[in-house]
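A.B. asks: We have chain A already, so just place chains B and C with the ligands on it with the hints.
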Amino acid sequence: MSSKSGLSWLGIVPFLLFALLFLLLPTMNIVVGAFRNQAGAFTLENITNLFQPSILSAYWISIRISVASALLGCLIGFAMAAAMVLGGVPGWVRGPLLTFSGVASNFAGVPLAFAFLATLGRLGLVTVLLREWLGVNIYAWGFNILSFWGLTLTYLFFQIPLMILIITPALDGLRREWKEAASILGASNAQYWYLVALPILWPSLLGTFALLFANAFGAVATAYALTGSSLSIVPIMLFAQIRGDVLQDPHLGYAMAFGMIVITGVANLIYIGMRMRSERWMR
Amino acid sequence: MRGRRLWAWLALILGMIYFALPLIGTLEFSLRMRRGEYSLDAYRVILSDPHFHATFGFSVLMALGTIVLGVLLVVPTAYWVRLRLPRWRPVIEFLTLLPLVIPPIVVVFGYIRLYNTSSWLPLTGSVGGTNLLLLFGYTVLALPYMYRAVDTGLRSLDVATLTEAAQSLGAGWITILWRVILPNVLVAILSGAFLTFAIVIGEFVLAALLNRPAFGPFMQLIGANRAYEPAALAVIAFAITWLCMGLIQLVTRFQKHTQIRQR
Amino acid sequence: MAFLEISSLQKDFGSARVVTDFDLAVAQGEFVSFLGPSGCGKTTVLRMVAGFETPTSGTIHIDGQDVVSFKPNQRNIGMVFQSYALFPNLTVAQNVAFGLRVAGRPKAEIQATVREMLALIKLEALGARYPFQLSGGQQQRVALARALAVKPKVLLLDEPLSALDAKIRVSLREEIRAIQQQLGITTIFVTHDQEEALSISDRIVVMHNGRADQVGTPFEIYNHPATRFVASFVGSINVLNGILLEPERGIVALLGDVQVHLGRPLAGRQNDEVTLALRPESVTLGGNGGGVQLKGQVESVNFLGSVIRLSVRVGGNLMLLDGFNQPSSPPPKVGETVQVSFGAEDLMVPGE
Ligand SMILES: Nc1ncnc2c1ncn2[C@@H]1O[C@H](COP(=O)(O)OP(=O)(O)OP(=O)(O)O)[C@@H](O)[C@H]1O
Ligand SMILES: [Mg+2]
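Chains as they are written, first to last, in this note's numbering: chain A, 589 to 871; chain B, 118 to 380; chain C, 241 to 592.
No lab work stands behind these hints: they were computed from the structure.
Careful: at least some of the hints might be erroneous.
As the list claims (entries may be wrong) - In silico lysine to any residue, SDA-like type, Cα no more than 25 Å apart, as pairs:
id, chain 1, residue 1, chain 2, residue 2
1, A, Lys767, C, Phe253
2, C, Lys347, A, Trp781
3, C, Lys347, A, Asn777
4, C, Lys393, A, Gln779
5, C, Lys362, A, Trp766
6, C, Lys393, C, Leu438
7, C, Lys393, A, Trp766
8, A, Lys767, C, Gln334
9, C, Lys311, C, Glu245
10, C, Lys347, C, Leu330
11, C, Lys393, C, Arg355
12, C, Lys391, C, Gln322
13, C, Lys311, C, Gln250
14, C, Lys311, A, Leu762
15, C, Lys573, C, Gly563
16, C, Lys311, A, Ala670
17, C, Lys391, C, Gln268
18, C, Lys393, C, Phe243
19, C, Lys393, C, Arg519
20, A, Lys767, C, Leu330
21, A, Lys767, C, Gln322
22, C, Lys535, C, Gly456
23, C, Lys311, A, Ser776
24, C, Lys393, C, Leu423
25, C, Lys407, C, Ser439
26, A, Lys767, C, Tyr370
27, A, Lys767, A, Asn725
28, A, Lys767, C, Ala343
29, A, Lys767, C, Arg287
30, C, Lys535, C, Pro520
31, C, Lys311, A, Val619
32, C, Lys573, C, Gly526
33, A, Lys767, C, Thr353
34, A, Lys767, C, Gln268
35, C, Lys391, C, Lys407
Claimed, not checked - Derived contacts from chain C toward chain A, CB cut-off under 7 Å, selection only:
id, residue
36, Val308
37, Ser309
38, Phe310
39, Met319
40, Phe321
Even glycine gets a Cβ: it sits at the ideal position worked out from N, Cα and C.
Same shape as in the complex, but just chain A (with noise of 0.2 Å):
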């Protein structure tokens, strides 16, 4: 055996070739081809040519569908979560809402457009019955499907529980006898919150939120089946821009990948280096 294990690298030689060619040159390609103009030299004028209003307003708006979604996900997601592992609800309540949370945290895409569409749009079940029941016309009151808020409602669809999923466990880890030490030691319920449970769900609490955040940035199939091209978040511009060139030059699109990737990288960055800090506290 021992005869072999010079050689032993060879045996994850189609796995490296494989992430090579189909994951890394690809993404270096536009990495690479985001500094160069169009005669191959190095420059920096795509990236500056980000900074044109219509490309910084789709990334502003990316960013503030991406971080309500994540914000109120976190938010959500927390409650519920707290509410089924802290809550004293019965037992039977957590299979079924860990197994719907994996169902519908995999439901993103196209469906989950049309899925919102015949709920919230014009037509749909909720629009319809608030204005027959209650006579409340919420599109007369300015809401629109195809907006930011719509987005970000349909966004919270999986953005909700992937948190559960995520921040279960972490609610979990609260041992009882941290809650009942910090009890006997006189502190109130919310002092506990304050100074023991909070700072020890930080962390992942950030994490999470980070790994929504990415999450939303980077999608693109239910926002262009909700709005088609009528809003113009990040991807939706990029898609455009691969179908048909819009931009008229490539290599800006190359720059606005790129900024996708500056930001995506970063929040995971952020994700992972939370998770480690858990993990450490958690031995």
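C.D. replies: Relative to chain A, chains B and C with the ligands alone:
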């Protein structure tokens, strides 16, 4: 104590309403095609549409291909890394997590630029090549889930001892992988496979940008042109996702039973 | 009224009665252990004193005050948990300071107390560490310091040593006892290790099926067990069944035909069955142990270090006997017939 339980129920019930409404709304909408009464017309239209058959079949084939390629790629690698190359683990793990970091639209953008007709490997030049490229793309998307599932499965095995035991009985590498390792991580592989299926079957961006007639772009097209059929499609897609997750639950539960029996 | 007084305490979980008719009076500064098998209700009583469980009925007074209606954070009690329960996000010093911090004490006082407490547990140098950087024994000492920092009226310890390995267990229990005596703090210590309870307690409560079978000093518990359960649970014991021949003169027939004069009157009537108990160390190999002389066959020999334990079959009964190890005289072999003897006055009558 009682107040806390009240708040807990309130949070759960409000959440459940948020999740139930779109499902009920979609179901109701999908039945509304015939004026004045509920009917299954939307489903009938969809299910008899030849494009539905073609695209759905195409996506199922793609999903199966992705699963096969994913297993072939991931199982030997994860096994080998655990057995012989533990130092490479962080690298491999990093690579398998990258698809979660790099948005799929960026990856496929790279494909289009790198493998176009004028490149050194003109995969997009032919239908077969493009299908292959799509397959590779899906495998990349599935990599994080596949690898994590298999690696967790391997962790609960003592890979080194199993391998040595098999070797001492004269088994070769292929035999070890096929007869010893694979059956033991089968449940992990199946979980990964069902998840992969759920992801690939409705995938939109890769298929649309590579211009392949998959189920995702078909749904999008229907959505842009029809009223009630999209809701029916959403119900079908949701049922498929639910089925895949249900199967994952089923196989993991099955594994727990067999594990107990082994002891 | 005693400093800590528990009376007629009862606790039901659903239909299961877990604690029954539990009475206990603990004097200020006393160290009392709860000893009993797993599931007998030790933790439940402790948690009722702490306020984590509400008694089904009964009262708990601390320093003259009925505390049953008080929340845990109003009781001024210190508690040490089996699993340490240190806050993982706080350093050792911050953990110790926690109780003072939530009480809003001035910074200077907190710092002084923390320093004093860390000195008490001899971990001055580790104040800046996090719990995960400490060994189990160190963590439990920090937990003790954290509980003591708020100067509680009562200190509760629920099997604080059972997660530690044997060596540390012995040294830490002595350390706990020393600190307790130094501070004069009223303490309840839960354990199911009888040696632990016997070695460090002022008094022991032996619990069985949710009741206090006996409350007494280690000496009383060991030498005058109140019930058969106490006799058999605390230390090893030989249980001998006999027939009462003459109650007023204390004459009993043992092992069929051996007449034994206890020299004191016994409760009961003639021909009643009686249970007598005898500690292994009261039985001697050879004829010099006392008036009762028996013959038997050696069934096993266990070398325990300073003590050698034999089991000898006498009549139909198996009898344990402990003797000190003496290098000059090796123990008998298995199968040998030996003579054993004991004094009739060493026979215990549980409940007497
Ligand atoms: N919350 C509860 N609900 C129902 N039954 C309980 C609860 N807590 C304890 N019990 C039961 O009460 C009995 C006494 O439990 P307790 O924890 O007081 O025992 P213990 O003497 O501390 O045992 P151990 O030495 O194992 O810690 C046990 O039979 C246990 O199953
Ligand atoms: Mg206990």
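A.B. asks: Taking the hints in turn, state whether each one holds.
C.D. replies: Verification of the hints:
Of the supplied pair hints, the one linking lysine 767 of chain A and phenylalanine 253 of chain C holds, its CA atoms being roughly 22 Å apart against a limit of 25 Å. Among the hinted pairs, lysine 347 of chain C with tryptophan 781 of chain A is consistent with the structure: their alpha-carbon atoms are about 22 Å apart, no more than 25 Å. A C-alpha spacing of about 22 Å is found between lysine 347 of chain C and asparagine 777 of chain A, which places the hinted pair at or below 25 Å, so the restraint holds. For the suggested pair lysine 393 of chain C and glutamine 779 of chain A, the alpha carbons sit about 22 Å apart, so the restraint of at most 25 Å is met.
Of the pairs offered as hints, the one joining lysine 362 of chain C and tryptophan 766 of chain A holds, with about 24 Å between alpha carbons and a cut-off of 25 Å not exceeded. For the hint linking lysine 393 of chain C to leucine 438 of chain C, the alpha-carbon distance of about 24 Å falls within 25 Å, and the restraint holds. As the CA atoms of lysine 393 of chain C and tryptophan 766 of chain A are separated by approximately 21 Å, the hinted pair is consistent with the 25 Å bound. Taking the CA atoms of lysine 767 of chain A and glutamine 334 of chain C, the gap is near 16 Å; set against the 25 Å cutoff, the hint holds.
Under the criterion of a C-alpha separation no larger than 25 Å, the hint pairing lysine 311 of chain C with glutamate 245 of chain C is consistent with the structure, at around 18 Å. For the given pair, lysine 347 of chain C sits about 17 Å from leucine 330 of chain C by alpha-carbon distance, which is consistent with the 25 Å threshold. Restraint check: the Cα-Cα separation between lysine 393 of chain C and arginine 355 of chain C comes to about 21 Å, which is no more than 25 Å; the hinted pair holds. Among the hinted pairs, lysine 391 of chain C with glutamine 322 of chain C is consistent with the structure: their alpha-carbon atoms are about 21 Å apart, no more than 25 Å.
For the given pair, lysine 311 of chain C sits about 18 Å from glutamine 250 of chain C by alpha-carbon distance, which is consistent with the 25 Å threshold. Between lysine 311 of chain C and leucine 762 of chain A, the direct Cα distance comes to roughly 21 Å. Compliance with the 25 Å bound is thereby established for this hinted pair. Simply put, lysine 573 of chain C and glycine 563 of chain C have alpha-carbon atoms about 14 Å apart, close enough for the 25 Å limit, and the pair holds. Among the hinted pairs, lysine 311 of chain C with alanine 670 of chain A is consistent with the structure: their alpha-carbon atoms are about 23 Å apart, no more than 25 Å.
Taken as a hint, the lysine 391 of chain C and glutamine 268 of chain C pair is honoured in the structure, with Cα atoms around 14 Å apart against an allowance of 25 Å. Restraint check for lysine 393 of chain C and phenylalanine 243 of chain C: satisfied, since their Cα atoms lie roughly 9 Å apart, inside the 25 Å limit. At most 25 Å may separate the alpha-carbon atoms for a hinted pair to count; lysine 393 of chain C and arginine 519 of chain C exceed this at roughly 38 Å. For the proposed pair lysine 767 of chain A and leucine 330 of chain C, the alpha carbon gap of about 14 Å is at most 25 Å, so the pair holds.
Distance restraint check for lysine 767 of chain A and glutamine 322 of chain C: the Cα-Cα separation of roughly 15 Å lies within the 25 Å cut-off, and the hinted pair is therefore satisfied. Taking the CA atoms of lysine 535 of chain C and glycine 456 of chain C, the gap is near 36 Å; set against the 25 Å cutoff, the hint is violated. Proposed proximity of lysine 311 of chain C and serine 776 of chain A is supported: the alpha carbons are some 10 Å apart, at most 25 Å. Proximity of lysine 393 of chain C to leucine 423 of chain C is assessed by CA-CA distance (about 11 Å); at most 25 Å being required, the pair is judged to hold.
Distance hint between lysine 407 of chain C and serine 439 of chain C is fulfilled; the C-alpha atoms sit about 15 Å from each other, no more than 25 Å. Only pairs whose Cα atoms come within 25 Å are accepted, and lysine 767 of chain A paired with tyrosine 370 of chain C is accepted, the gap being roughly 18 Å. The straight-line distance between the Cα atoms of lysine 767 of chain A and asparagine 725 of chain A is roughly 47 Å, outside the 25 Å bound, and the hint therefore fails. Distance hint between lysine 767 of chain A and alanine 343 of chain C is fulfilled; the C-alpha atoms sit about 16 Å from each other, no more than 25 Å.
Restraint check: the Cα-Cα separation between lysine 767 of chain A and arginine 287 of chain C comes to about 14 Å, which is no more than 25 Å; the hinted pair holds. Between lysine 535 of chain C and proline 520 of chain C the alpha-carbon distance is near 16 Å, which keeps this suggested pair within the 25 Å criterion. The suggested pairing of lysine 311 of chain C with valine 619 of chain A is violated, with an alpha-carbon distance near 61 Å, which exceeds 25 Å. For the proposed pair lysine 573 of chain C and glycine 526 of chain C, the alpha carbon gap of about 14 Å is at most 25 Å, so the pair holds.
At roughly 23 Å between alpha-carbon atoms, lysine 767 of chain A and threonine 353 of chain C fall within 25 Å of each other, so this suggested pair holds. In summary, the hint linking lysine 767 of chain A to glutamine 268 of chain C is not supported, as the alpha carbons are separated by about 28 Å, beyond the 25 Å threshold. At most 25 Å may separate the alpha-carbon atoms for a hinted pair to count; lysine 391 of chain C and lysine 407 of chain C exceed this at roughly 29 Å. Annotation: interface hint on valine 308 of chain C violated; nearest CB of chain A at approximately 16 Å, more than 7 Å.
This hint is violated: serine 309 of chain C has a C-beta 15 Å from the nearest C-beta of chain A, more than the 7 Å allowed. Taken as an interface hint, phenylalanine 310 of chain C does not check out: its beta carbon lies about 11 Å from the nearest beta carbon of chain A, beyond 7 Å. A hinted interface residue such as methionine 319 of chain C counts as satisfied when its beta carbon comes closer than 7 Å to some beta carbon of chain A; here the least separation is about 5 Å, so the hint holds. Interface hint status for phenylalanine 321 of chain C: upheld, as the beta-carbon distance to the closest one in chain A is roughly 5 Å, under 7 Å.
The structure fails to meet hints 19, 22, 27, 31, 34, 35, 36, 37 and 38 from the earlier list, while all remaining hints are met.
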